[in-house]
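K.L.:
Single-letter residue listing:
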Amino acid sequence: MSRHNPFIKKRRCLFFLFLFLTLAACNVHVPKDTQTLVWHLGAEPDTLNPILATDVYASRIDSFIYETLLERDNETLAFKPKLAESWEASPDHLIFTFTLRPDLYWHDNIPLTVEDIIYSFQRIMDPKVDAPHLRVYYQDIKTVEKVSDKVVRFIFKKPYFMALEFCGGMPIVPKHLYDNGLHFNRHPTNRAPLGTGPYRFVRWNTGKDILLVRHEKYWGKKPDIRSIQFKVIAEDSVALQVLKKGELDLASLRPIQWVRQTDSKKFQEGFQKYEYYTPGYSFIGWNLRRPYFQDKRVRKALTHLINREAILKELNFGLGKLTTGPFYIEGPSYNHGVTLDPYDPETAKKILHEAGWEDHDNDGILDHEGIPFRFEFLIPSGRRFAEGLATIVKEDLSKVGIQVDINKLEWALFIQKLNDHTFDAVTLGWSFGFEQDPYQVWHSSQSDQGSNFVGFQNEKVDALIEKARVEFDLKSRSQMHQEIHSLIHEEQPYTFLFASPSLVALNRRFHNVKVYPIGLDPLEWTVGP
Amino acid sequence: MDGGTMIHYILKRFFLILPTFFGITLITFLIIQLAPGSPVSLKLLGPGGAGVRSDLISKEVIEQTKKLYGLDQPVYVQYGKWLKRLVTLDFGDSYKDHRPVSLKIREALPITLLLNIISIFLIYLISIPAGIFSAVHPESWMDKITTLLLFILYSLPSFWVAMILIIYLGGGEYLDLFPIAGIVSYGVETLPFWNQVGNLLWHLVLPVISLTYGGLAFLSRFSRAQLLEVIRQDFIRTARAKGLSESVVILKHGLRNALIPLVTLMGTLLPALIGGSVIIEQIFSIPGMGKLGFEAVLTRDYPVIMAIVAIEAFLTLISILITDILYVLIDPRISFEKVHQ
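Top to bottom, those sequences are chains A and B. Numbering follows our numbering, with no gaps: position 6 of the first sequence is 6. Count along the second sequence from 1, then add 529; that gives the number in our numbering.
Be careful, since some hints might not be right.
[Said to hold, decoys possible] Mimicking DSSO-like on lysine-lysine, the simulated pairs with C-alpha atoms at most 27 angstroms apart in a straight line are:
#1 K514/A with K273/A
#2 K128/A with K595/B
#3 K417/A with K596/B
#4 K781/B with K128/A
#5 K613/B with K175/A
#6 K613/B with K128/A
#7 K595/B with K142/A
#8 K146/A with K158/A
#9 K610/B with K128/A
#10 K142/A with K596/B
Everything labelled a hint here was simulated from the structure, so no lab data went into it.
The following block holds chain B by itself, in its conformation from the complex (with noise of 0.2 angstroms):
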């Protein structure tokens, strides 16, 4: 492969992606102004209940609290000055507790990272075997009873889901195995290190499964039609002539050839590893991305609101790219030349 047309395609690449990218800003953060409710007047009027205001002293206050929050401004004005300081990665205060949003999505990503490697990781690592399963022994029994399994549980919703496991595995009434609320005990730093790791995926054990259960279906169904296609092939039987052992047919020859589509996936693995899911962090008492995002929707924090949205469009082009090349990379029928043209 000649690496110059590679950096040239990556370079070219790269300034489509930023035009996309402030397209996107823009759009967003046009709808979050036009979209109504707004966070002065929820500042107000809180979700507490009574809100106070005497007539014309209020319209003072409404308008001193506008200017505070930057929003006296024309629409335009406030997008540039955001822009201009997306520069320098700085994405301004949260309306909400005037801390630095970098700040506030450095403390939840972390949390949101973990849960999500780990239930990505299991949902590989269980549903690619389970797929391959079903595709060695199609039609068997056991393969309609993994499907049948794999589909209830993807049918299930994970806030009931989530719920039955905390009444039931740990809450104080039935067994009572598992921490219920939040992602490490309160005063785990008294303990020793190694503990505090165990007691954070003791923590995670709930949670982890409620992420888990229902992606199983989709990837485990995706892999064994994908395989059962390829080990229809010639190359199989040529492999199985060969008197290669089945399992060096279907791992070595088969998986490896069946696992290409898989790349595609990986597209959309790097947004979703950063968006949160919102009832299980709910639910969970997790502070993580999704919890954050969604009540920064609910109370118009919009600086919240755009660093999120620009973050996760950021990466999504990011993957784009990413699985384009690595299509390059593993498919030797598709080449950089051929996009050139």
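Next up, chain A with everything else stripped away, as it sits in the complex (with noise of 0.2 angstroms):
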């Protein structure tokens, strides 16, 4: 047999092939630009348009492109004046009046009106609009009209004591290129959007890049860096990658990562590790529709059962804070004066024999009025934390005599799962504002149509929600909201988990970089070499 062989012509092409493609890739370098910032983006944002917008991706782009009438102090969190120089409330909560600086303009140098802001308002109450995560905030304002060129006021149906956030954070966008006749919802601006802030849109690579450049006739303090760029990168371990490459400057990090895969010499010669707490914390709820989680005692013992502080050690390397309630672990309306349930079996065992629960069948499963204790615990799939802390806690109740049923859902099935209360217990984390309204996740009201799933109800607690939402002055609003975070600990209609930090790198290259509790500022930052 010939000893002639086809494979190595094949062989041959294949190491041209290589040849070429390395040869190639010599030469297609894009020298990188020191004076952008390229920033992570987990997903990309459906939209650009404030008003549609319903992803954080898109938050974070627009707020340096559209600005709002008011803005929050970095340090204090109080209001500041930004699109408004001043503004005035009527002594019974109901009136805001702005007055809007002389100088705006918008990034094509029409300036900015009154109009917009009234046509903003209208965006949002209009039914065709998709903005219905936006409308139900504003469903309160009677209406919002012109005084003159450059005031206008906003006058609300009932006091309420987030009323300034809702208009001095409402979304506003530029009439004079919506007011086309072309649909809101389908219009090209939302893919381009131009507004009145420090940076201006340049391009919008459909899932790859979005470019934003600083707009040199901002009528405010211009920022240093010249121009941010958001990278969109799906799987955040490939995005790590990308930022020790030094294609990325600002990345958020996993708790394994920044214990872990960041620690190396070189990563902390060339990037810095920053780490805040935003509002928020996570949870499991007790849905208290169910025979077994109806009795405070038994929700007491399950607490006792769960041994958090391993669970924050074991699943987020210690990162967090061990929560006790609803509020804002950082805020005024925390009452610190509430302390942590620890870990505790052999009191929750006593607490479930005093509440009736015993294994009376020998069954190996704790029962009560024939009901035995065991329910189905719901996750999110595809979420790290929730999957590992299901086991964990299966596996601690197991060894009293609890079973659970771990049931893990995709998102869409998920919601409409607790949507129906067809659901036992839950885990799950909330993060809100700096300003924070008990109300739709906590009042009774809302337990049939609202956040507060699980069902609680608490006449007391209904009463302070309602009573903290027309109180004006933070002070005494703070207190009563204590008052309500030391009642819902006593009820327990959920065992508080943790409030997780915000865990970010970003390329030593910036400086001037403080941490702030409403995160990084970039505008403040200046770009060394």
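Can you join these two chains into the complex? Each is in its own frame, and there are hints to help.
P.N.:
So this is what it looks like as structure tokens:
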């Protein structure tokens, strides 16, 4: 048989292909621009229209392009003027009057007027506009009216302590671009936003990146960073590799990345890591409609059975703080006087015994009045933390004779089960603004349709929530919130878990970086070599 | 071959495709609508966490949103409207960002096509020669090693291989040879044209490797088995007896006959070309069809799901037809008349 082999020829072809690729690769680098901040995006936003957008990525990008009437001070978190140079509230807290700065122009040099604000409000309220998530906030505004070219007035139907936040933080879009007969939801400006802020939109490569550049005619203090590029990288483990290559400057880290994968000397030299707490917490919610969760002693016992310190260490490498209630752990509403229920299986057993839960039929599972203590633990799929937590809880509760069946569901199904109240226990996290109204999660009126899906009902808490909603003094309102905090902790409708920090890594090329509760503020950074 | 019979046959098959196509889309439409989870509640309680709703108002807002998406009508009306638009090749607007679905597919399709064409080409380029080699030297140690190697590759999960490639060949810690995210560099438009092409190919190296290695085993085994069977037949012995060189015997007489069954595989090729790989596209941040379809399912973006299903169904049906026609053209034992009777 001849030794001539056709395979050799093919192999030569492959070799040339490889050679070609290597040669091509030498010449294809795009030089890096050190004046650009390259920021990781975990997913691409759907739209950059601030009225339609629902995701955090859009609001992050929009915050550099669009501006609102007021903004929060980085340090004090109090409102300060932005587009409005001054504002005034009527004594009954129903009318808010804002006076605009005289020197406001959209990025295309058209002046920003009161008409833009009124138009934006009308679009939010327009049922044909796909902004239901925003509309619910603005239902209590009776009207927004023009007083003069530079003065606008918001009139509310009833007083509410967050009214100022709603009008001061309302997204404002350019009427002169949108109001041209094209449909608002499909308008081209949604993908080429135009605002009044310190950065101008340049381009959006679908699925790849979004580029902003400094607006040289900005009315306020101009930032030092010349442009900001948002790169879409879906996998966070890949994003970390891209960061290490130097092709990203700023990226969020997962706890394991923070602790284990970014501790090399090389990384420390190139990057600085920052940690801060934004308002939010994770929890296990007990559906109070289920017989075994109706007794608050049982819920207390469950909390005693869950070793939260160990879970925090195990799953989050100790990054986070244990919480006892539903408020921002670094805010004035959080009641630091409430003590944490420790991990204590013995006490838990005693409490369960007192509440009548014992293994009467000797099947290894506790029961009471013929009902076995066996429930379904609903978790969203694809969340490592929830999966780890559910496994540990299942293990711990089985030791005292409570059977937990883990039910892992995809997000759309998960929230449907929450809305239909067809779950027993669930783990989830809430995140919220700095101003917090416990109404939607804790008021009894919200247990049928609203976010109070565990069905928590408590007259005292209801009364306090209602009172706090119309209390305009921060100090007395915070006191009411603290009282709500201790009442809710007493009732334990949730087993409160942790407040988790935001973890980020930033290239050391950027200086003057300060950490605020609000996060990092690239507008004040300077760029070094 | 009688051309008239062939046209008759193709027409008849084509008219059978239509009801099958509508059946597929109708069933899919129903399944999507019946599946739990709704785009409206996802919009109100997004994946970010906190959802704000106050009792009565939220019902009103939910109704408004349903109306906006056209979900307030009965399913048969919705399907009718969908069909009506389909006739003009209008797939509607995505719920997610309100852009036309056809535009979103036009953006994603070329990327996936490019990836798939390259990787399928490489699969054929590598595995058929490998198969020939094994068939020509059956049971030799090289045959055994290739077989073992290809099966090892076949059993490695692609997400794992992709991550290993990224960390060791493209990450910042070991070798930094290849880009690991996207399909071109940011700012590539500043380069001359051929460098742009180079930049694209450079980006495709790792994803193409991840897409290719797993497909080698099947095809090389397939061609090995086919060729071995043909080589044992009489006409090969005749060819050798005539004194033809071994390569002519194998390549011209053996391989041509051995690869006829490969035509059956062509039927799966066309739909496979546009169906992207969810995992590889996700890992390498490639905005292709796999990612588009996967995200549409998660966000219950009905118009996008329906469009992808419709295109896939159409391509599958067409390629089944093409396969049948090819068979007749290649293999004289099959004819239109027999099918016709």
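K.L.:
Which of the numbered hints are not met once you compare them with the structure shown?
P.N.:
As far as the earlier hints go, 4 and 5 are violated by this structure, in ascending order.
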